[in-house]
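Take the given structure of chain A and dock chain B to it, following the hints.
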Amino acid sequence: MASARKRSTRPTSVRKAWRSLSWLGVIIVALFGINAAGVIWGGGSWTPKLALDLEGGTQIILAPQLESGQTVSQEQLDQAVSIIRQRVDASGVSESEINTQGNNVVVQIPGELDEQTRQRVQSSAKLELRPVLLAGQPSDEAIGDPSASPTPEPEEEPLESTPSVPPTDGSDLNWVTPALQDEFDTFQCSTLDDAETNVAPADEPLVTCDQSRTVKYLLGPVEVSGEHITDATSGMAQTQTGATTGEWVVNLVFDGTGTKEFAKVSARLFALKAESPRDQFAFVLDGGVLSAPQMNGVISNGKPQISGSFTQESAKALADQLKFGALPISFTVQSSDTISATLGSAQLQNGLIAGLIGLILVVIYTLFQYRLLGTVTIASLVVAGVITYLAITILSWREGYRLSLAGVAGLIVAIGFTADSFIIYFERVRDELRDGRGLVSAVEAGWKRAFRTVLASKGVNLLAAIVLFILAVGSVKGFAFTLGLTTVIDVLIVIMFTHPMLQLLAQTKFFSSGHSWSGLDPTALGAVYRGRAEFRKPTAVPAKKAAASAGEAKRRQTIAERKAQTSTAEAEPTTEGKDS
Amino acid sequence: MASRLTTFGNDLYTGKRSFNFVGGRRTWYLIVGILVIASVLVPVVRGFNFGIEFRGGSQFQITNVAEAEAQPAIDAVASVVPETVAKVTIVGADGVRVQTDQLEQDDSHAVAAALSKAYDVDAAEVTSSYIGPSWGADVTRQAIFGLIAFLLLATIIMALYFRTWKMSIAAIIALLCDLVVTVGVYAAVGFEITPAAMIGILTILSYSLYDTVVVFDKVRENTAEDGEESKRTFAESVNLAVNQTLVRSINTSVVAALPVAAILFIGAGVLGADTLRDISLALLVGIIVGTWSTVFLAAPLYSQLREGEPAVKRHDQRVLKERERAGGTPGLAELAAE
Chain A
80 MASARKRSTR
90 PTSVRKAWRS
100 LSWLGVIIVA
110 LFGINAAGVI
120 WGGGSWTPKL
130 ALDLEGGTQI
140 ILAPQLESGQ
150 TVSQEQLDQA
160 VSIIRQRVDA
170 SGVSESEINT
180 QGNNVVVQIP
190 GELDEQTRQR
200 VQSSAKLELR
210 PVLLAGQPSD
220 EAIGDPSASP
230 TPEPEEEPLE
240 STPSVPPTDG
250 SDLNWVTPAL
260 QDEFDTFQCS
270 TLDDAETNVA
280 PADEPLVTCD
290 QSRTVKYLLG
300 PVEVSGEHIT
310 DATSGMAQTQ
320 TGATTGEWVV
330 NLVFDGTGTK
340 EFAKVSARLF
350 ALKAESPRDQ
360 FAFVLDGGVL
370 SAPQMNGVIS
380 NGKPQISGSF
390 TQESAKALAD
400 QLKFGALPIS
410 FTVQSSDTIS
420 ATLGSAQLQN
430 GLIAGLIGLI
440 LVVIYTLFQY
450 RLLGTVTIAS
460 LVVAGVITYL
470 AITILSWREG
480 YRLSLAGVAG
490 LIVAIGFTAD
500 SFIIYFERVR
510 DELRDGRGLV
520 SAVEAGWKRA
530 FRTVLASKGV
540 NLLAAIVLFI
550 LAVGSVKGFA
560 FTLGLTTVID
570 VLIVIMFTHP
580 MLQLLAQTKF
590 FSSGHSWSGL
600 DPTALGAVYR
610 GRAEFRKPTA
620 VPAKKAAASA
630 GEAKRRQTIA
640 ERKAQTSTAE
650 AEPTTEGKDS
Chain B
323 MASRLTTFGN
333 DLYTGKRSFN
343 FVGGRRTWYL
353 IVGILVIASV
363 LVPVVRGFNF
373 GIEFRGGSQF
383 QITNVAEAEA
393 QPAIDAVASV
403 VPETVAKVTI
413 VGADGVRVQT
423 DQLEQDDSHA
433 VAAALSKAYD
443 VDAAEVTSSY
453 IGPSWGADVT
463 RQAIFGLIAF
473 LLLATIIMAL
483 YFRTWKMSIA
493 AIIALLCDLV
503 VTVGVYAAVG
513 FEITPAAMIG
523 ILTILSYSLY
533 DTVVVFDKVR
543 ENTAEDGEES
553 KRTFAESVNL
563 AVNQTLVRSI
573 NTSVVAALPV
583 AAILFIGAGV
593 LGADTLRDIS
603 LALLVGIIVG
613 TWSTVFLAAP
623 LYSQLREGEP
633 AVKRHDQRVL
643 KERERAGGTP
653 GLAELAAE
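Chains A and B are the protein sequences, given in the same order.
Those letters in the first sequence? Residues 80 to 659, per our numbering, in order.
Those letters in the second sequence? Residues 323 to 660, per our numbering, in order.
Bound-form chain A, shown alone (with noise of 0.2 Å):
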């Protein structure tokens, strides 16, 4: 039976082993090529960047816009904190810091600020939906004689400025007071960002204008503000039967109070069909309009989607600041500083001496235990660490990754997790060995096994990277992703490194013939007890089904073993027997 299987596999597994070594090879030659392309052409470079804590970066204050005499709460700063956390954090794993200092907010980034991130920071603040009142083109033509435009004198010729009869709801035009209307009529959207529009009551009608300051609009009071929108996307606008119509959108989710505020709004605002501009909804951020569009019907379920005239760029950016958009309180730029690193270049030398003492360790106590078989340890941690570094450089080059001081504690730690799954392999391989079979079929069995049990392990470790990555913010983000990371490069290397490795080996002299230093000494492994050790028959493992499809394989085997066994007591005893 064993002689049999060994002529049968062995060129087969010989041939599989010298596949995946090249296709490990083809792994390791294209990341080398994306990251060379990378330093040539896009910008990347040779070492991965670090976050804040070793490279310093740059600090933006935050300073609360109050109207005269309104407080800001702890509350609302935190609020305001969480919020902002979000913004940077969606732009990748970033490793930012961001506290509160008195009544303002501190952010801290690693590295240079690259625009986008800044605008997240800077631009986005209060958001606020409001009825649109009236909407006009604005007076901006005679720009050139803002002094000679003709604002009135209050002194002079006192408009009436409160309703003469009360508003029943947003829409109503009864808000719109001669003072008011005149404020409307002079307004020039060149004076926006002097207007102070960010700071208007919420309970007050707004005379503002759109971003690209090609409309301006009288805004009746706030009536669903922007913090009850959980969520916001864009994508293609789709028909009733799914067809993508090729128009982009913006989908808008809100929660149950802006579900319920929405849907009376979104009642009236239809009812008023006729008389455009009135059934518009400003979305206004900052004070500026983002987008008035019409109610094209009622909508009580909390999620109105938003067409026009998007390009998927403009979809995606209003859709990011309705997302992020909803701070409790406006906030202003005070200052942007760069800032240096808090622990620097000396504790990174640290962490690294710490590491190759470390790993040099790994490498003695490994050699002692495994022998020879050591150096399949150390030549499998070393690939490990060149595709683990090569992969961080790249992830650091396009998306932002940065690597902290725990990052490179975590990464140092990986070294042991990563030896893990050869020690599980080699110890099952020495199993083998001490039920009796040769090294070569021993090395397939051990292997189909291990695989298993490394597959199963690893993916409680892929499942806490995923769930946290997910779930949690900041520099927990930063601490999963490596995590996952070098759980899935540690997978990749048992599979395409060290079982091929092995499969070559057993084919030596030196290993085959159990070499006293090989570390696969099936003598010295108690290979000789054949008493009670024999408590697992070999033929349990079937030698055609290989390790390619181990886990299909197995499960088959299962019910066919399980159903074998209830027609006879003599069967093969089955895996899952008594676990149920």
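By construction, these hints were calculated from the structure, which means they are not laboratory data.
A portion of the hints provided could be inaccurate.
On the chain A side, residues computed to face chain B include the following (Cβ under 10 Å) [what the hints assert, rightly or not]:
hint: 1; residue: N114
hint: 2; residue: E146
hint: 3; residue: G430
hint: 4; residue: A485
hint: 5; residue: R507
hint: 6; residue: F558
All residues carry an ideal CB built from backbone N, CA and C; glycine is no exception.
What follows is chain B alone, placed relative to chain A:
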């Protein structure tokens, strides 16, 4: 030496030599219980030492500095409050920012004065303020939320993989003990709980469960493959699996612990690096406790959960009866009898 461990491994594999992990479970439970209670009591009595990232702290801003360097600030802070570690950052071209733990009013004034002297600037150029926690409630909440979600998902996935929820329960209980003991050791040593420490603790989650899955995979293999005609009781099968994976457990935890220990003792002890010290202590404790809890807690607990099942009971009784008929084999027989 190496061959001695190999021989040791051989004996464990064949069952020639065996540690009674499952049978001695009362002792192990007692030890784990004492450790857990101690770990809960230490923080209750001493309290946690939360870092500036959790509590907020004092911040000093020095402007118009001639030479923006970090060292004068570190020395100045140390001269007033030696027990505090100052985080110094250069802001722009001529600003220095110093962050410390929350200071008393008097200390705060003294530090401000020391800083103005160290940088040779006017006292008016040094402003002090309170800095809020950067690891605020929401980051902590998100991390804890992630942890709970992970535990639930891992429980379900393990139950599906092993096809018995009892393994999930045993693994999760062992995991929780690991967490409690690690946090307890942290509180006992008196290190600050920093984000780095939190990250170390989150890593343990992953490692502890990983270790348990490896051992349970062997347990499942043994208990299942032996089938009905097994000559061993259920508890003996579990115990054999733990013994058979013992060399692996020792080797993997040594290999995992070596780099961590190197960081802890060399990186932090000799060279002084606090982030590394925080994360590596959590990891070192977690790796040791994680390995220990799998062998001494998770496996015996699983065995105990299953022994009550009618099918397992029937099988165990039959095995014991057969053994009696054969003249009574010494060894592990008594442990299944309880």
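* Asked: What hint numbers does the structure not satisfy?
  -> 1 and 2
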